[in-house]
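Undergrad: This is what each chain is made of:
There are 2 protein chains.
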Amino acid sequence: MEHPGTAAGRRAGVIAEIVAIGSELLTPYRQDTNSLYLTGQLNRLGVNVVFKTIVGDSHDDLVDAANAALSRTDIVVFMGGLGPTEDDVTREAVAEALGLELRRDAEIVAGIERRFAAHGWKMAPNNLKQADVIAGAVVLANANGTAPGQWISGKFEGREKIVMLLPGPPHELKALFEQQCVERLRARLPQQFISSRELKIAGLGESACDARVAPIYKRYPDIQTTILAGAGEIQLHLKTRGSSLQSAQDRVDELVNEIERELGDCVFSDNGDSMEQIVGYFLQMRNATLAVAESCTGGLLAERITSVSGSSRYFVGGTVVYSNQLKTTLADVPAPLIDQYGAVSKEVAAALAEGTRRRCQASLGLAVTGIAGPGGGSPEKPVGLVFHALASDGGTEVVERRFAGDRARIRWFASQQALDMVRRKLV
Amino acid sequence: MEHPGTAAGRRAGVIAEIVAIGSELLTPYRQDTNSLYLTGQLNRLGVNVVFKTIVGDSHDDLVDAANAALSRTDIVVFMGGLGPTEDDVTREAVAEALGLELRRDAEIVAGIERRFAAHGWKMAPNNLKQADVIAGAVVLANANGTAPGQWISGKFEGREKIVMLLPGPPHELKALFEQQCVERLRARLPQQFISSRELKIAGLGESACDARVAPIYKRYPDIQTTILAGAGEIQLHLKTRGSSLQSAQDRVDELVNEIERELGDCVFSDNGDSMEQIVGYFLQMRNATLAVAESCTGGLLAERITSVSGSSRYFVGGTVVYSNQLKTTLADVPAPLIDQYGAVSKEVAAALAEGTRRRCQASLGLAVTGIAGPGGGSPEKPVGLVFHALASDGGTEVVERRFAGDRARIRWFASQQALDMVRRKLV
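First to last, the protein sequences are chains L and Y. The working numbering puts the last residue of the first sequence at 427; the count rises by one with no breaks. The working numbering puts the last residue of the second sequence at 854; the count rises by one with no breaks.
One chain only, chain L, in its complex shape (with noise of 0.2 Å):
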């Protein structure tokens, strides 16, 4: 695939460009996430994703957008406007920015008469529009839906193309694009062999990291290297092609041991998974139970380890002690305690894991009190002011910590170190 001149032609590998159709999506209120998952599956067949275009139900302006799309990327992915109503456009605007025809498929007519026959109802005749296919698109079927996807591969202005229609929901974009786009992709691709591997870490800032981390990966130019900092935590993706599969995945794996003998217990997790998830592995490992007492978080801790599927084997429960009075009556903190240090002081901090692990009878108690703000704060104890304990057999650890940013922020990192805490604990 050769196009001098244009974002295709300047590059060496297959570029994509993904278009995202729907009025919806140009609202203050809704956003493309299909791209993202379509972008990792893309990436992961060595296709690049160089531009992504959003338009309205509009059949003029996403002519313009396919017009746009087919002179400079390899891969064009429209997703969206497949359906039955008047606002469905994306089949006659692809087939006339591609100059080619739209047949009704009588087969496609026949399984949307059916179905409406099954089910007893009446068909509106704008349901056939489903059924329209550009001349010389293969009919992909859709197994959750009414509209077929269709593939279209072939010289357009004299370069090769492929040109993807999927639908817009995204449980049949995924399954559509999977059972019928992958192996299709993959045939005429480039063979490729990539791998990727997500590192995650905590208690670093960003570039504190890449301070540490940059000597290191630059070492391997061959590895496409990104840092992203994330709430709470940094996520480095490495990825890198290679002669063969085992070739490129020992590359990475040598980059990842040489990240992790520098971060130490800073990287929690080389596969992806989130911190939540990690603390239950550990947990369930080691045996342990958890129960939690929050007060700034508000039942986001509680709410981040129940999240994960199979977190009842390990965490037992916890309280939400928003006033001093269930502090004391939930979990068992001495209220002169709370009136001589004040409920955000690492006394009640910890007076809270130790009561908690105690009542809820669990190996570890983990409590969190702190100034989620806006409101609250004063000289000595500004908002951002957060006080994590753990308790266990061996006694009981308190840390203080000061996060920056509104009160969700401040929230999040809060949940995140105390999860941190449990995990430092067990590694």
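Derived by calculation from the structure, the hints in this document are not laboratory data. Keep in mind that a hint or two might mislead.
Said to hold, decoys possible - Taking lysine-lysine and the DSS-like style, the derived pairs with C-alpha atoms no more than 30 Å apart in a straight line are: (1) Y:556 x Y:601; (2) L:218 x Y:556; (3) L:218 x L:346; (4) Y:645 x L:122; (5) L:174 x L:200; (6) Y:582 x Y:601; (7) Y:549 x L:218; (8) L:218 x L:200; (9) L:239 x L:174; (10) L:129 x Y:645; (11) L:155 x L:174; (12) Y:627 x Y:666.
Keep in mind that this is a model prediction, so the values were computed, not measured.
Got chain L; can you put chain Y on it based on the hints?
TA: Chain Y alone, transformed into the frame defined by chain L:
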């Protein structure tokens, strides 16, 4: 602004394209979110966004994207790529697409040098890139960062265009847009009076809701109505233009009133407030306090309630009673009741709500117990079965619901239904 044959030429109003720049936005991990904010701002000024393009940090790709955008819309907003690194190519690429020169601005250079000197930092020469200004551009001071924005307006290929270069970090973008762009845009746009309202609806499915409201909003063709189904709620966005702000507001209010009459207390918000905010308002208004006991939602319900700043005024706290033992020890559910009916039953839900209300000395006790899956279901008690109970001094109410979907969706719907029970109790 008349542009026959282009997206702009096909429309009466002023249209915009947003171009988000950054290679990280073309990975599976990161998404452009700035454009949602910017779309809301532009809509408020009467400008519709008709294309969004996402492009990496590649000079040539960005020139492509800029050419396409400039050829089809009246206003083009470029976001990102204004920093000092080699990857920051927005200034150069937009200048090339516009056919204008870049000139280094002495005043900006002096400002950057002063900032570095003040901090005692050594300035890498790269930083001076940030002083490059497109010929004829107005420099837009950036109160929160080094890179200023730029505003270019004038004829491009014979047509009036407005082009903005804005920084990518959300807090820089927002402040700069509001301080420097809104008034400039207002001065150049036809005067518009736009009124919009957002209704949120609970306890109705999307099609049931649309069936009831479509006959109403169809009588208001001058009001743009958008229905969006969210998790456990439906959003109805209404927007119109009028000859005065008052007439536009009156018109939207008229439709809002008609819809509220039709849907009654299914409408829980008419100003965009979330369910947890609304519940907080009602609790404060009624001088009531709330405590919760959660099983399957695992802390999500408390997390949502406490995500609202100031929630300590009406929320005392609660328990996450994941194990059966904690249901007894923390919320006084009699163990024989659990043995007889099972933890997921209306009897246990009621006892949880009552025990929690009593233990936490709150006016309302709210409990959720159910099966979030994917494991733990049975033919009698399938995944998705959830019991909600609300205890007050008037007695205890229990609701049984069955939710479809995965663990996260079931938990979210269960928390939404629980909050809605409180709202309906207090409304």
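Undergrad: A separate judgement is required for each hint: does it hold in the structure or not?
TA: Evaluation of the provided hints:
no. : hint          : result
1   : Y:556 x Y:601 : holds (23 Å)
2   : L:218 x Y:556 : holds (25 Å)
3   : L:218 x L:346 : violated (42 Å)
4   : Y:645 x L:122 : holds (24 Å)
5   : L:174 x L:200 : holds (26 Å)
6   : Y:582 x Y:601 : holds (27 Å)
7   : Y:549 x L:218 : holds (24 Å)
8   : L:218 x L:200 : holds (19 Å)
9   : L:239 x L:174 : holds (23 Å)
10  : L:129 x Y:645 : holds (25 Å)
11  : L:155 x L:174 : holds (27 Å)
12  : Y:627 x Y:666 : holds (15 Å)
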